[in-house]
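A.B. asks: Residue numbers (our numbering), protein chains in the order written: chain A, 4 to 514; chain B, 31 to 362.
It is worth saying that the hints were derived from the structure and are not from the lab.
Glycine included, each C-beta is placed from N, C-alpha and C at the ideal position.
Take the hints with a grain of salt, since some may be wrong.
Said to hold, decoys possible - Pairs of lysine to any residue, SDA-like flavour, derived with a Cα cap of 20 Å: (1) K258/B - G379/A; (2) K286/B - Q52/B; (3) K286/B - A370/A; (4) K258/B - G300/A; (5) K286/B - E111/A; (6) K75/B - Q308/A; (7) K164/B - G115/A; (8) K123/B - T347/B; (9) K258/B - P483/A; (10) K336/B - P304/B; (11) K70/B - P482/A; (12) K164/B - F113/A; (13) K70/B - G311/A; (14) K258/B - A298/A; (15) K70/B - L306/A; (16) K258/B - G116/A; (17) K75/B - P304/B; (18) K123/B - K330/B; (19) K330/B - K286/B; (20) K70/B - P304/B; (21) K258/B - E111/A; (22) K163/B - G116/A; (23) K164/B - G300/A; (24) K123/B - A222/A; (25) K258/B - Q305/A; (26) K75/B - Q52/B; (27) K258/B - P482/A; (28) K70/B - G379/A; (29) K184/B - V118/A; (30) K184/B - R214/B; (31) K184/B - A219/B; (32) K70/B - I310/A; (33) K184/B - L306/A; (34) K286/B - H374/A; (35) K164/B - H374/A; (36) K184/B - G300/A; (37) K286/B - G379/A.
To be verified - Far from chain B, some chain A residues (derived; all Cβ distances over 12 Å): (38) P200; (39) G379; (40) V436.
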Amino acid sequence: MLVLSAAGAVVLLTSALPLARLLTEIPGAGAAALSVLSAFRPWLLLIRSLMLAAAVTACAIAIGVPLGLLIARTDLPGRRALWMVHAFPMFLPPFLLALGWFQLFGREGFLGGEVTARLLFSEVGLVAVLALTFSPVVTSMMALALLGMDASLEEAARVAARPWRVATRILLPAARPALGLAAILVFALSVSELGVPMFLRVDVFPAAVFARLGGIRYAPGEAFALVVPLMPVAIGLLFLERRLVGAGSFAVAGLRGMSRAPIPLGHWHPALAAVSWSIAVAGALPLGALALRGARGRGFGQLPQWIGLAPWTSLGTAVVAATVIVAVGLVLGHGVARRLRGASMLDALAVLAFVTPASVLGVGLIAVWNHPAMGGLYASVAILIVGYIARYAVVGIRAVASVVLQSPVHLEEAAAAAGARFWRRLTRIILPVNLRGVAAGLLLAMVFCLRDFETAVLYYPPGREPLPVRIFTLEANGPPPVVAALALSHVVLTAFVVAGGSLLVLRRRRA
Amino acid sequence: MKRIVLLAALVLLNPACKRTAQEVVVYTSVDQVFSEPIFKEFERKSGITVRAVFDTEETKSTGVLNRLIAESQHPQADVFWANDPVRPFLLVKRSLAQPYLSPSAADIPATFRAADGTWTDFAARARVLLVNKKRVSPAEMPRSIRDLSNPRWKGQTAIANPLFGTTTMHIAALFTMWGEEQARAFLTALRANNARIVSSNGEVKRLVATGETAFGLADTDDGFEAVKEGAPVEVVYPDQEGMGALVMPTSTVLVKGGPHPETGRKLVDYLLTPDVERRMAESAAHMPLRPDVPVPPGLKRVSDIKAMQVDYARVATDMERIEPWLRQWVGL
Chain A
4 MLVLSAAGAV VLLTSALPLA RLLTEIPGAG AAALSVLSAF RPWLLLIRSL MLAAAVTACA
64 IAIGVPLGLL IARTDLPGRR ALWMVHAFPM FLPPFLLALG WFQLFGREGF LGGEVTARLL
124 FSEVGLVAVL ALTFSPVVTS MMALALLGMD ASLEEAARVA ARPWRVATRI LLPAARPALG
184 LAAILVFALS VSELGVPMFL RVDVFPAAVF ARLGGIRYAP GEAFALVVPL MPVAIGLLFL
244 ERRLVGAGSF AVAGLRGMSR APIPLGHWHP ALAAVSWSIA VAGALPLGAL ALRGARGRGF
304 GQLPQWIGLA PWTSLGTAVV AATVIVAVGL VLGHGVARRL RGASMLDALA VLAFVTPASV
364 LGVGLIAVWN HPAMGGLYAS VAILIVGYIA RYAVVGIRAV ASVVLQSPVH LEEAAAAAGA
424 RFWRRLTRII LPVNLRGVAA GLLLAMVFCL RDFETAVLYY PPGREPLPVR IFTLEANGPP
484 PVVAALALSH VVLTAFVVAG GSLLVLRRRR A
Chain B
31 MKRIVLLAAL VLLNPACKRT AQEVVVYTSV DQVFSEPIFK EFERKSGITV RAVFDTEETK
91 STGVLNRLIA ESQHPQADVF WANDPVRPFL LVKRSLAQPY LSPSAADIPA TFRAADGTWT
151 DFAARARVLL VNKKRVSPAE MPRSIRDLSN PRWKGQTAIA NPLFGTTTMH IAALFTMWGE
211 EQARAFLTAL RANNARIVSS NGEVKRLVAT GETAFGLADT DDGFEAVKEG APVEVVYPDQ
271 EGMGALVMPT STVLVKGGPH PETGRKLVDY LLTPDVERRM AESAAHMPLR PDVPVPPGLK
331 RVSDIKAMQV DYARVATDME RIEPWLRQWV GL
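Construct the entire structure; sequences and hints are all you get.
C.D. replies: Shown next, in the form of structure tokens:
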């Protein structure tokens, strides 16, 4: 109970308190806050944002599910390399990718013209850019879930069934918790995305919120009034996800181990390889455009002058925040998977903090943490860590919940019957049994912290900005080759983290 | 796990993270690419560490200002260096400006200094039309901002979202100059003419430079950068036969209750020196307010152009007043 309370306190202090603090601003805003909610336009924008996010999620699932399956369970040539190339875009703030797409398909872009520019700057362009950016989330979660699956179920099925049937009847249902988590992540990321729609000139709901915080008049009460309609969205997402995951989940981590022969693709080999690689290369094209831009303008040579301490800040804060996120996730994610009511409520709060526009959460964090009683915390890098935990706690909770749901409960029950207390069960059974999934959650949380821009930009400590913030503040009239080179540095930094993390995960797997 | 904690401790406690005894915190909406080298020079000359917060292009002018307002119960900044002369009035109105008459400002024309020292202007920009020379012939070159609503250019012009950045100030200045009715009619005509409302002035520059649009409204430094990058762009100072172009000096404010008032004053003194005006002219195409500061070739002085005669304090009031209407106009 003590452990659960401590984990809950972290979520309450970081995620819930800023939102509760802003709730108190609504009465002060009075009639203005009410008139915001009674106007037609914000609701229209909300519906529009939800529809766009649904379209992005559907496209990301359509791309990610088959790719995840192909990468994890078939003999597709170069599938690990394919995964790496495909996953790269998700390591960058989406706005940078939009910038890369503009350099490709803008009117004067490398491959652009009138028609491509028109398409790019439209709802179609927005959905395409975000779907290609976020589909690696689905692919990776699917692949990780399938790689972690006990081989006995699949091997038994393969004795009697054809590969297609094995995929649809065994593999996909087994990966449903991961798919549910991936879908909720992609939807939440899309619905709260601000930079790309603003750049592509598509009006969305977060822009209406941001206009009240970053615009002419600073009106946090009105902005938070606009968050109220997002609460049913968060609850709806949770309901959907639990229906999707809960009913269909079953233990897939058994004693048989994970190694088995990949499913042969036979004569589908060339066609599937061509399609998979085309998708992966298409997603990475904007990175190529950025690299070309950086190299042509000798941006890389100017990096030492402009990069500052930003990579250190990004890396250090992401490591600490991701560790806390996963520690909290281990306790609460386990609670969610085992249907503890308190854990489920805290999970709902974390989901709400995740779907709340980053600008609102950021202002709430300022209101709570910029206080003389907090000492130097607010003006130090610690505020970045607090902000990352506030926004991405859900990543740890859901990542752990999805792996715990797949693991058998009888070991925990046996330990409890033998008198082991929760802390002992957590450290001796739950953690070791789910270690690979927890490590993957740590990696995922780190990637989210590293690519965060929209939350940190509101309160980053003076002189200690993380790398994405530095890229965007320099993007204002900064030399484009330098901005492109900084963006590439961010990719390299994240690739380094992911490669290190993957090695850790794979080593654990072998062990 | 131990390794992770060790790595994090190393990163967070690396020597570069240590606070120095002498430091100053500055929030600025002046582009980082221009302001950061000036802060570094100040650090070199004074030995005082500058810890800065910058705006992004999308939240230009409003981002750090709103952060100052959000932090007003416990100010974290010592100095605000605004990229336009209107935002300081919003701080003055909220009693967040500490009066300070800097000795460096003695030779800045009196119209650009608050008598009580709450704000002091220097290095200025102007609002200009950026025109793509490949898409617009010399004979058709636009001369007024009213050309943005000319049906001849339907769907071929761009302005930045007026809820953010210097466009806000420009639109507010039009309300001050023209009055409510005319200004609203102009913006309505702009909408009817399918002018693109884009995320920032930088985006306007990008669209014009790449020929995506024929011309657009931005700032002199955007034009200067476009020309420097070799884009086929001509910078047109609008309304030189009429009301004039809007001139926007940058402005310094000492923040009331900031954590380092002494070093804050030193930074303000430094920013207001003729040397910084010269550097801003050379690196960022900002026009010096002092008549004797040299300018690089191609850059005009404030005295070389016809400037819009407008009261910045009134513009600040109008800016807040028109915000609800402007938000509706944008569609947010």
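A.B. asks: For each hint, tell me whether it holds in the structure or not.
C.D. replies: Structure-based check of each hint:
1. K258/B - G379/A: Violated, at roughly 43 Å.
2. K286/B - Q52/B: 19 Å, holds
3. K286/B - A370/A: 19 Å, holds
4. K258/B - G300/A: 13 Å, holds
5. K286/B - E111/A: 48 Å, violated
6. K75/B - Q308/A: 18 Å, holds
7. K164/B - G115/A: Holds. K164/B to G115/A sits at ~17 Å (cutoff 20 Å).
8. K123/B - T347/B: 10 Å, holds
9. K258/B - P483/A: 12 Å, holds
10. K336/B - P304/B: Distance ~23 Å between K336/B and P304/B Cα, so the pair is violated.
11. K70/B - P482/A: Between K70/B and P482/A the Cα gap is close to 18 Å, so the pair holds against 20 Å.
12. K164/B - F113/A: 18 Å, holds
13. K70/B - G311/A: Holds: K70/B and G311/A sit about 12 Å apart, inside 20 Å.
14. K258/B - A298/A: Distance ~18 Å between K258/B and A298/A Cα, so the pair holds.
15. K70/B - L306/A: 16 Å, holds
16. K258/B - G116/A: 24 Å, violated
17. K75/B - P304/B: Status holds; Cα separation ~15 Å.
18. K123/B - K330/B: Given pair K123/B, K330/B is violated - Cα atoms ~33 Å apart, limit 20 Å.
19. K330/B - K286/B: 35 Å, violated
20. K70/B - P304/B: 17 Å, holds
21. K258/B - E111/A: Distance ~18 Å between K258/B and E111/A Cα, so the pair holds.
22. K163/B - G116/A: 18 Å, holds
23. K164/B - G300/A: 23 Å, violated
24. K123/B - A222/A: 16 Å, holds
25. K258/B - Q305/A: Holds, at roughly 17 Å.
26. K75/B - Q52/B: 13 Å, holds
27. K258/B - P482/A: 10 Å, holds
28. K70/B - G379/A: Measuring from Cα to Cα gives roughly 24 Å; hence the hint is violated.
29. K184/B - V118/A: Since the Cα atoms of K184/B and V118/A sit roughly 18 Å apart, the hinted pair holds (cutoff 20 Å).
30. K184/B - R214/B: 18 Å, holds
31. K184/B - A219/B: At roughly 10 Å apart (the allowed maximum being 20 Å), A219/B and K184/B satisfy the hint.
32. K70/B - I310/A: With a Cα-Cα distance of about 14 Å, the restraint between K70/B and I310/A holds, given a limit of 20 Å.
33. K184/B - L306/A: Not OK: K184/B and L306/A at ~42 Å, beyond 20 Å, violated.
34. K286/B - H374/A: 16 Å, holds
35. K164/B - H374/A: Violated. K164/B to H374/A sits at ~55 Å, over the 20 Å cutoff.
36. K184/B - G300/A: 35 Å, violated
37. K286/B - G379/A: 19 Å, holds
38. P200: 9 Å, violated
39. G379: 8 Å, violated
40. V436: For V436/A, whose nearest Cβ neighbour in chain B is about 17 Å away, the distance exceeds 12 Å, so it holds.
Hint compliance for this structure: hints 1, 5, 10, 16, 18, 19, 23, 28, 33, 35, 36, 38 and 39 are broken, all remaining hints hold.
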